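Asker: Take a look at the letters that make up each chain.
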Amino acid sequence: MARLNLILLIIAVGCALSAVSSTHRARKLFIELESEQKRMRDLDVEWGQLQLEQSTWASHARIEKIAREKLGMRPPLPGQIISVDADHGGTSTVVGGAR
Amino acid sequence: MRPVKFSRSPLLSQRLPAWRQRLLLGLLLGGFLVLLGRSVYLQGINNEFLGDKGRARYERVIEISATRGRIVDRHGDVLAVSTPVKSVWAIPEDVKLSPAQSRDLSKMLDLDVRDLNRKLAADRDFVFVKRQIPPELATQVAGLKLAGIHLQNEYRRYYPAGDVMAHMLGFTGIEDKGQEGIELAFNDQLTGRAGSRRVIKDRRGNIVEDVESIHGPQEGKDIVLALDSKVQYLAYASLKKAITEHKAKAGGMVVLDARNGEILALVNLPTYNPNNRNRLAGAQLRNRALTDTFEPGSTMKPFTAALALDKGKVRFDTPIQTSPGKLTIGSATISDAHAHGLLTVAQVIQKSSNIGAAKLALSMTPAEMWEMFDHIGFGSPIKLGFPGEVGGRLRPAKYWKPIEQATMSYGHGISVTLMQMARAYQVFARDGDIVPLSLTRLDNPPPAGEQIFSAQTAREVRAMLEMAVQPGGTAPKAQIPGYRVAGKTGTAHKLEGGAYANKYVSSFVGFAPVSDPRLIVAVMIDEPSAGKHYGGEVAAPVFAEVMAGALRTLGVGSDAPLKPLQMANVELVKEGM
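Chains as they are written, first to last, in my numbering: chain A, 2 to 100; chain B, 1485 to 2061.
Quick caveat, the hints were computed from the structure, so don't treat them as lab data.
Treat the hints with care, since some could be wrong.
[As the list claims (entries may be wrong)] Think about it this way: if two alpha-carbon atoms lie no more than 30 Å apart in a straight line, the pair counts; the simulated DSSO-like pairs of lysine-lysine are:
1) B:LYS2016 / B:LYS1725
2) B:LYS1731 / A:LYS29
3) B:LYS1629 / A:LYS39
4) A:LYS66 / B:LYS1661
5) A:LYS39 / B:LYS1685
6) B:LYS1685 / A:LYS71
7) A:LYS39 / B:LYS2016
8) B:LYS2016 / A:LYS66
9) B:LYS1724 / A:LYS66
[Unchecked claim] Here are some chain B residues the structure puts well away from chain A; computed CB gaps all over 12 Å:
10) ARG1554
11) PHE1610
12) GLN1716
These numbers were taken from a predicted model, which means no experiment stands behind them.
The C-beta atom is built at its ideal place from N, Cα and C for all residues, glycine as well.
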């Protein structure tokens, strides 16, 4: 009888300790989850800022200015445009080609 | 030694009175009952209140912020985005700054020291010291560790495209609520709703357990516009150039996709920078294409011709006598800029003869014309959800006098917005029907349109409009190499105080490619005052530039031989006004 009681006592204590440790682990994991979620929000914010920066750098006015002034580009003249039929293997048809 | 006999103790032999025993028992029992009652009260009846109090000792409710949705164009380029910033606020009573500290703070926040001190001396419980500062600066301010100075999270809206799309997008107020444009029209979808949840925090402030989510945050939805930012920029740059060149007061331009009614571009000038709205004047804010009406002038004529064709009054080549260039109706006389002589219906449109249009109109009843104007949307707002949209002026048919009916046929005595005009031209660009306009990108085919004219009529008018941009028409400058173009010029005197002034509104509405119309472009230039004022000279070149660029950008195949245009010495046919 006394031996059985002892075994039961040991089991009970073991259960109690494992409950304590698993709660602790759960909390630690939860803190980790929280910090990852915070990181997610921060990254989302950063993504927004980067998108903003990208569209500022890629603004059409800026691109046009650089293309015209720095790179000396200009729109093609009518005779310089070759129309390509993408649906049929890209065979090119020169529309009004030779000038 | 004398033995003690306990059993004979005199004390014990004295019997206690029976009531004392019962009293004690009663008191003890009563005590237990009180305890029992109290515990029932605490554990059972009052349990909830106490439980709440207990939880309040270790649980915290925290707010989960939600951001306002982004606005992107049809290709996903960001047009408006919210990003977190901080606002500095203070409880003036708690603030005790040394002169050196206030100097530091004012320098950091770029404020005048006196301004700062005045704010902090205010007799209020709460003052904003500075709103919406960048997070890095906020960290520095927090680093000063000043008593009574606090930071709060806020969002600020940025518009990377600046003034190019100002009227389309609108802007939000400091509380992140839409006030103009798309920001207002789609405010409900864009707005996020902050959520909150209950958590348990430990001593160091970490959240250790999630108790419950009170309500989840609802992030604002992103809005995908139909707008194409390349086309929009093209329209903006061309219109701006034209307005400077012609010293015009204002201008507007609308680009529509003829296949499904998507609004690809909307430009108004003068404009403003939505990121810095310190000096904002009413004129800059006006979304002219939707809120300002004007008498369209000759751009109205194709509708008159279409109605006459549709009702079977005339055919494509029915001759109409417009000589001698004057026509008296009642007490008023209308005239053409040039006397044209005998013209076919098609030539009336090509050469933009007022008299021809008036004669067409007078062959129909006012009710027929009113019904047609009403069906194509004149006189009632389009209802896109933008603030201040107007419907223009279209008087009921029973009040029309014959002279009014005649002038309305060529766009006077009726007023419209530029957007209404562009929308109405769908009947010619499509096969006689109108589909609803859409601000957002349509991923499904558009709803069935409302049939206004027969497909046959629409094709015939389309052919007339193509003649108008060819040599012999009013707008050869609207031609584009490689594409067949159709369109109509408009030049109207402005009404000022009830009389026509010597100021003009030049406009052009057209579409291309004619073989399978893809784009509708409407241009309006208000008060060009550098000498030229005809729609064919002022508005048509802007149309051609934007249309050519937009077709190329969208990869629309050409439907005409690519040869340089021949129009150097073509005399422009002046349209009637």
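Asker: Each hint needs a verdict: does it hold in this structure or not?
Answerer: Hints, verified against the model:
no., hint, result
1, B:LYS2016 / B:LYS1725, "15 Å, holds"
2, B:LYS1731 / A:LYS29, "70 Å, violated"
3, B:LYS1629 / A:LYS39, "24 Å, holds"
4, A:LYS66 / B:LYS1661, "34 Å, violated"
5, A:LYS39 / B:LYS1685, "16 Å, holds"
6, B:LYS1685 / A:LYS71, "58 Å, violated"
7, A:LYS39 / B:LYS2016, "61 Å, violated"
8, B:LYS2016 / A:LYS66, "29 Å, holds"
9, B:LYS1724 / A:LYS66, "15 Å, holds"
10, ARG1554, "7 Å, violated"
11, PHE1610, "27 Å, holds"
12, GLN1716, "8 Å, violated"
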